[in-house]
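Protein chains in written order, with my numbering: chain A, 487 to 1045; chain B, 2 to 211.
Rather than coming from a laboratory, the hints here were simulated on the basis of the structure.
Mixed in with the good hints, there may be bad ones.
[Stated by the list, open to error] Label-pair distances were calculated between CB atoms; the ranges are: (1) A:Asp855 to B:Asp189: 36 to 42 Å; (2) B:Glu46 to A:Lys878: 23 to 29 Å; (3) A:Ala575 to B:Pro193: 49 to 55 Å.
[Said to hold, decoys possible] Pairs of lysine-lysine, PhoX-like flavour, derived with a Cα cap of 20 Å: (4) A:Lys878 to B:Lys87; (5) A:Lys699 to A:Lys639; (6) A:Lys995 to A:Lys1044; (7) A:Lys893 to B:Lys62; (8) B:Lys62 to A:Lys890; (9) A:Lys639 to A:Lys995; (10) A:Lys878 to A:Lys890; (11) A:Lys995 to A:Lys618; (12) A:Lys920 to A:Lys747.
By construction, the Cβ of each residue, glycine as well, lies at the ideal position given by its N, Cα and C atoms.
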Amino acid sequence: MDFDAIVVGSGITGGLAAKELTEAGLKVLMIERGRNIRHQQDYTTEMKTPWEMPFRGIGDQELYAREHAVQMLNRHFTEYTQNHFVNDAQNPYTKTEGTDFNWFRSYQLGGRSLTWGRQSYRWSDYDFEANKRDGHGTDWPIRYADLAPWYDKVEEFIGVSGAKEGLKQLPDGRFQPPMALNPVEQHVREVMQANWPERRLTIGRTANLTEGKGERGQCQNRSICARGCSYGAYFSTQSSTLPAAMATGRLTVITDAVVEKLDYDPATRRITGVRYLDRNTKERKTATARMVFLNAGAFNSVHVLLNSASEAMPNGLANSSGVLGTHIMDHANTLSAIALMPGFEDRTTTGNRPTGVVVARYRNMDAMDGEGHTRGYSFQGGALQSTWTAGKRDPGIGAELKQKLQKPGMWRMVLVAFADCVPRASNRLTLDPKAVDADGIPQLNIAFAFGKEERAALAQAKADAGEMLTKAGGKVIMGFDQPGAGGTAIHEMGGARMGHDPATSVLNKWSQSHDIANLFVTDGAQMSSSACQNPSLTYMALTARAADAAASMLREGKI
Amino acid sequence: MDQDQPKGWSRRRFLGGAAILAAVVGVPLAAIRLDLFNTQEAPSERQRDLMRTVSQIVIPKTDTPGAGDVGAGDFVLLGLAHGLEKSRAPLAKDAPEALTRHARKDGSLDQAAWLETELDARAKGDFLKAAPDAQARLLAALDAEAYAEGVREHPWRTVKALILIGYYTSESGGSQELQFNLVPGTYDPDVPVTPQTRAFSSDWTAVDFG
Chain A
487 MDFDAIVVGS GITGGLAAKE LTEAGLKVLM IERGRNIRHQ QDYTTEMKTP
537 WEMPFRGIGD QELYAREHAV QMLNRHFTEY TQNHFVNDAQ NPYTKTEGTD
587 FNWFRSYQLG GRSLTWGRQS YRWSDYDFEA NKRDGHGTDW PIRYADLAPW
637 YDKVEEFIGV SGAKEGLKQL PDGRFQPPMA LNPVEQHVRE VMQANWPERR
687 LTIGRTANLT EGKGERGQCQ NRSICARGCS YGAYFSTQSS TLPAAMATGR
737 LTVITDAVVE KLDYDPATRR ITGVRYLDRN TKERKTATAR MVFLNAGAFN
787 SVHVLLNSAS EAMPNGLANS SGVLGTHIMD HANTLSAIAL MPGFEDRTTT
837 GNRPTGVVVA RYRNMDAMDG EGHTRGYSFQ GGALQSTWTA GKRDPGIGAE
887 LKQKLQKPGM WRMVLVAFAD CVPRASNRLT LDPKAVDADG IPQLNIAFAF
937 GKEERAALAQ AKADAGEMLT KAGGKVIMGF DQPGAGGTAI HEMGGARMGH
987 DPATSVLNKW SQSHDIANLF VTDGAQMSSS ACQNPSLTYM ALTARAADAA
1037 ASMLREGKI
Chain B
2 MDQDQPKGWS RRRFLGGAAI LAAVVGVPLA AIRLDLFNTQ EAPSERQRDL
52 MRTVSQIVIP KTDTPGAGDV GAGDFVLLGL AHGLEKSRAP LAKDAPEALT
102 RHARKDGSLD QAAWLETELD ARAKGDFLKA APDAQARLLA ALDAEAYAEG
152 VREHPWRTVK ALILIGYYTS ESGGSQELQF NLVPGTYDPD VPVTPQTRAF
202 SSDWTAVDFG
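With the rest of the complex left out, here is chain A:
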């Protein structure tokens, strides 16, 4: 065998898997489909001003419509960050008729760890027990207590700033000092607590350092993270896991290598390695290992498994249950309310805080008080001031307009809902039987729709958000109760769900295939439910836990 372990993908979970496995003494190969991006050397737009950019940071919309028709819909996609997202024309996928799904992707070393929103929340037992409680999906084989020590470990490594609030539904973590609320947010927090004691607004828990950590510097309050950060102030593969893994001397990294299939030996019922395409030379190559961690991103990990079908496993690798590809999810996401917030005109801020606020879930916890839904929603957002861009919306020209736009504008408060997505068998990934990409690899087909539960949750969220901001003295000017397209939250997950029963789930409680002992899937594909929190921290905790278990199994000769 060439390696002890192969890690497919180098993003948030792939990088962490490589770190944990190499630190456990294993010789690891990490394979990344995209190009190499070197920390501090290849963040080419990091220090650019708008006037240094051909399209002033907004970008060439004509080009984007041709080459980045999906990615351009992502609010993090700009002229500064366009090189951190895929070219949609070169990376096609198909959708079943009636599906509205935008798949936002970053194919490069570091994957979406370079562009992620950095919001880092623990899940609670309201989340791990959700499927069992309301009967949707399959029960998680773990509970919060199983994961708590791994959350500790991950938070301490990646650095999460946040405020302890003592909430059962949003457990506190090992936080760095929190970033500060601005006066409008502080006011809304106080009004909320006075009127609805169970509702808590707190500063976003974000993987941006408020204190330096090793070689990583503290956040400079630029809030341009997706360009790449040479200070290493937010968690990314480049800033954090890759240096740690490389320091062991046991990591090999290959970039520009698209994993097409895993090789499976029916005699031993083990994976023997991976087959990959060298994107530059178009050569097809193999690498062998004693075990494989799939961390290609939820949908791409499922794609690899489906594309690895063989005579022995005709429905896809690790799919004796038949549920591979099913029960995919993304948070139902919409702007619930935006309100003008008068009374703070004499206050402003300096610096750019790289996080907003969060209002922790408060529905359907101990009392089932959801109207037409059984799960939760939370809000993210914050208070901000308008600026010169408001001039586009208003009449006026000349010196008076110029004078007006010179000042910080009106305060407004925004609450965006993230609602739990019910796991449904009909929301699923398959290989398109007709469409292949330029390299002849079958395209992924996405079938996805939100249901009445998500719509009911967002309707209640809109009503709640409007009521809270009005109570705080705001004038609500807009709000929506319908979800955006699937994928909008960029929290796509599921497809290789974890469960107790090999007949109804793909993975066991160690993120390990029920069918194949030396195969682990530790990215978003393993999720059995979605909760309403941002999921990356949980993916990381599950990855650290699985890596520890896998290394032990390997040492003990169990795999």
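With chain A fixed as given, assemble chain B onto it according to the hints.
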């Protein structure tokens, strides 16, 4: 010269004009790359003059340069050609003749040609030869119509939006008229507003969502 280039469009003239402008008003060259224009759609010199004049009326020179001074006019033309502010969206099927006569091949409105026609019509002659106060008055009337109650879309809104972008993302607009700090270092959540306070053009959240 490229044979496809329309009359009046010359790289030498463009650069020469910009350099003279920079020398006269003491501002940096507008960072507009010529190669970003599709030669089939490159603007005429008159359109460039008109857009510079209009930009300067929308954001005039005060203690800092105006939008025309910093090359916002050329940025508007570039933005219109490349679909910024949805400028390449197809015209509505029931769009009036005043717009459809300026449709591009792709069905979108050629806003620069429309504005040229519109302002000349309002000036009852050559808008560029009208007195400055008359130009300002005519443009103010157009602006008022474009933002009148019940009006949801108007080509002037697109042009005005690009003027504002061109100005506030220029070095003068972004860092002299407003403040600019790419590396603030710290975040102060509560700062008193004083008569001297100027907004930060580097407040990206405000720019994106404000």
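Task: Hints violated by the structure (numbers, ascending) - done: none
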